[in-house]
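Peer 1: Residue numbers (this note's numbering), protein chains in the order written: chain A, 63 to 479; chain B, 223 to 366.
Check each hint, because a few of them may be wrong.
Stated by the list, open to error - On the chain B side, residues computed to face chain A include the following (Cβ under 7 Å):
(1) Ala-309
(2) Ser-316
(3) Phe-320
Stated by the list, open to error - Cβ-to-Cβ under 7 Å is the rule here; a few derived chain B residues that face chain A:
(4) Gln-274
(5) Ser-275
(6) Pro-276
(7) Val-283
(8) Gly-305
(9) Pro-308
(10) Lys-312
(11) Val-313
(12) Lys-317
(13) Val-319
(14) Thr-321
(15) Gly-322
I should point out that these hints are in silico values taken from the structure, not numbers from a laboratory. Each residue gets a CB set at the ideal place from its N, CA and C atoms; glycine is no exception.
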Amino acid sequence: MLFPSPAATSLSAACAGAVLFALGGAACAATSAPDWTFSGFGTLGVVHSDERQADYASSSMKASGAGRSAGWSRHVDSKLGGQLDLHLDARWSAVLQVVTEQRLDYSYRPRVEWANLTYQATPELALRVGRIAMPMFIAADYRKVGYAYPWVRPPIEVYSVLPLGSSDGVDLNWRWNGETLRSTTQVLFGRTDLPLYGGARLRGHAIGGLSHTVEQGAFSARASLVRARLSLSLFPELFDALDKFGAAGRDLGRRLEVEDKRASALSVGLHYDPGQWFVTGEAGSSKVGGYLGSTRSAYLGGGWRQGSLTPYAGYARVWGRRPPGPDSLAPDGLAPYQAAVGAKLNTALAALMRTVPSQSTFSAGLRWDAAPNLAFKLQHECVTTRAGSRGKFINPVPGYQSGRTAQVSSAALDFVF
Amino acid sequence: MKLSSRARLLAAVLLAACAALAQAGDLVVIVSARSPVESLRPEQVAAIFLAQSPRFPNGAVASALDQAVGSPERDQFYLRVAGKTPALLKVYWSKMVFTGRGQPPRELAGSAAVRRAVADDPALIGYIGREALDPSVRPVLLLH
Numbered sequence: 063m064l065f066p067s068p069a070a071t072s073l074s075a076a077c078a079g080a081v082l083f084a085l086g087g088a089a090c091a092a093t094s095a096p097d098w099t100f101s102g103f104g105t106l107g108v109v110h111s112d113e114r115q116a117d118y119a120s121s122s123m124k125a126s127g128a129g130r131s132a133g134w135s136r137h138v139d140s141k142l143g144g145q146l147d148l149h150l151d152a153r154w155s156a157v158l159q160v161v162t163e164q165r166l167d168y169s170y171r172p173r174v175e176w177a178n179l180t181y182q183a184t185p186e187l188a189l190r191v192g193r194i195a196m197p198m199f200i201a202a203d204y205r206k207v208g209y210a211y212p213w214v215r216p217p218i219e220v221y222s223v224l225p226l227g228s229s230d231g232v233d234l235n236w237r238w239n240g241e242t243l244r245s246t247t248q249v250l251f252g253r254t255d256l257p258l259y260g261g262a263r264l265r266g267h268a269i270g271g272l273s274h275t276v277e278q279g280a281f282s283a284r285a286s287l288v289r290a291r292l293s294l295s296l297f298p299e300l301f302d303a304l305d306k307f308g309a310a311g312r313d314l315g316r317r318l319e320v321e322d323k324r325a326s327a328l329s330v331g332l333h334y335d336p337g338q339w340f341v342t343g344e345a346g347s348s349k350v351g352g353y354l355g356s357t358r359s360a361y362l363g364g365g366w367r368q369g370s371l372t373p374y375a376g377y378a379r380v381w382g383r384r385p386p387g388p389d390s391l392a393p394d395g396l397a398p399y400q401a402a403v404g405a406k407l408n409t410a411l412a413a414l415m416r417t418v419p420s421q422s423t424f425s426a427g428l429r430w431d432a433a434p435n436l437a438f439k440l441q442h443e444c445v446t447t448r449a450g451s452r453g454k455f456i457n458p459v460p461g462y463q464s465g466r467t468a469q470v471s472s473a474a475l476d477f478v479f
Numbered sequence: 223m224k225l226s227s228r229a230r231l232l233a234a235v236l237l238a239a240c241a242a243l244a245q246a247g248d249l250v251v252i253v254s255a256r257s258p259v260e261s262l263r264p265e266q267v268a269a270i271f272l273a274q275s276p277r278f279p280n281g282a283v284a285s286a287l288d289q290a291v292g293s294p295e296r297d298q299f300y301l302r303v304a305g306k307t308p309a310l311l312k313v314y315w316s317k318m319v320f321t322g323r324g325q326p327p328r329e330l331a332g333s334a335a336v337r338r339a340v341a342d343d344p345a346l347i348g349y350i351g352r353e354a355l356d357p358s359v360r361p362v363l364l365l366h
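Bound-form chain A, shown alone:
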């Protein structure tokens, strides 16, 4: 097992930044001055949910959301991003993108989303080194840029199946154009280490990704495959207690703990956009060892452009499957004090199993392009958790009841500059 130390990882991020600026300096010294561009994006959003027993959140990487913590939340979608592009010459360029949004520790500490150096070997072939967003689904690599998609947020049932946002490593983009069909193939290798809260971290190593995009006229499609080995050091007390609970507890803990477990995700997306209207459909499946379980997910959405107004609607669904094998301790033949501990552990394990998401969402909304760099969106969703799970909701009350439908309303202002 390869576990990079936190210091090593922050060092690699710092190095990426240092490389950007060092190259900037070097290029300044050269005769042709490099071009640099600063651009940015952001979302100001509020969300209301009438479900009081858990928080509606845009991803499981958030500390709070709307519903239980507060009826209205500004933390679900609000974010601000800035990007520096450095164009050194015809072959070398660099990009640094920093985004601030609510994290698992409630802070808005900025995070480097992209930091890489591109070598354009030929007009068709580019090699990048540094931090690269995972090329999953149609919109995963620009999922923070609300302005770039019609809805308030990409469907959470599909887009949060794998907790991997980016990879530190290399990728290769190869563009090959036919007479009318244009294709882009991307291959990626890397690792990631993301501090969550307290001492908890998400680590991924041996990350491999393959994505292929084709475009022909109004039609585009993307298929992607990602594999990795994941470690997610959440719930240490539970797994410590299981480890001390005899052979049965130890086996159960080792099987369920996400510690160097295999993870994979496959997705296929189709998009048709002749200008006046558009329709998008994506389907994906993910499989992660340990308690994260496996999922199948899909969505279908579309909209109609009428001047600066775009009404849209969609349906999204995720079907979760719990990890195979028993997911609780058998109470038979235990001494009374052991049985009491076992019952407590089983309660915690049941709560853990509710995190394997099954959920569906009907959504309808309106996007108003008020100016060429400003969009205002209103969206309403009916979100139903299913199969005993808490779906994509976070912070559930202890006696959480699955199967209820939450009415979720969102307003967002997206901008780019």
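Given the coordinates of chain A, work out where chain B should sit on it, guided by the hints.
Peer 2: Frame of chain A; chain B shown alone:
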């Protein structure tokens, strides 16, 4: 009688709309007179301007030149070759820029400036008002 006055009003409105369109004028996509490129189809032009194709169909490397944001030439050009309104074009470039896949073409203000730059460099491609054409550049696509 009332109907015919309505019809007359409608005709007047249509005529005014046609006049407005004619005023927007024809656009021509141009390359240098020294370039071997003879003609291009709208989708080939769109692919170069949207950074989807780095080359002319003959294999030579192509580099696009835009007119200024908000200019009628630019808005008409993207509407006609790619079916994109200014807002949809902004959406498109947001996806490209914030995933590090590309930057929009370099901008020059006015048809004359674009024509002068294109005339000097066979790798460049631009678009100008038809009335700004001269022998230093070759029209490869006419957009009505």
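Peer 1: Does each hint fit the structure? Answer for all of them.
Peer 2: Each hint tested on the structure:
Because the smallest distance between the Cβ of Ala-309 of chain B and any Cβ of chain A comes to about 4 Å, under 7 Å, the interface hint for this residue holds. Look at Ser-316 of chain B: its Cβ gets to within about 4 Å of chain A, closer than 7 Å, so that hint holds up. Evaluation of the Phe-320 of chain B hint against chain A yields a held restraint, the C-beta minimum of about 5 Å falling below 7 Å. Contact between Gln-274 of chain B and chain A, as hinted, is supported at the beta carbon level, the nearest pair being about 5 Å apart and thus within 7 Å.
Below 7 Å, beta-carbon pairs count as interface contacts, and Ser-275 of chain B has one with chain A at about 5 Å; its hint therefore holds. A least Cβ separation of about 3 Å between Pro-276 of chain B and chain A falls short of the 7 Å threshold, and the interface hint therefore holds. Hint status for Val-283 of chain B: holds, given a least beta-carbon distance of 6 Å to chain A, under 7 Å. At a threshold of 7 Å, the smallest CB-CB gap from Gly-305 of chain B to chain A is about 4 Å, leaving the interface hint in force.
For Pro-308 of chain B, the shortest C-beta to C-beta distance to chain A is roughly 4 Å, which falls under 7 Å, so the interface hint holds. Given hint, Lys-312 of chain B at the interface with chain A, holds; its Cβ is 5 Å from that chain's nearest Cβ, closer than 7 Å. Among the interface hints, the one on Val-313 of chain B holds; its C-beta lies about 6 Å from the nearest C-beta in chain A, closer than the 7 Å criterion. The restraint placing Lys-317 of chain B at the interface with chain A holds, with a minimum CB-CB distance near 5 Å, inside the 7 Å limit.
Nearest Cβ of chain A to the Cβ of Val-319 of chain B: about 6 Å, under the 7 Å cut. The hint holds. Nearest Cβ of chain A to the Cβ of Thr-321 of chain B: about 5 Å, under the 7 Å cut. The hint holds. Interface restraint check for Gly-322 of chain B: the shortest CB-CB distance to chain A comes to about 4 Å, inside 7 Å, so the restraint holds.
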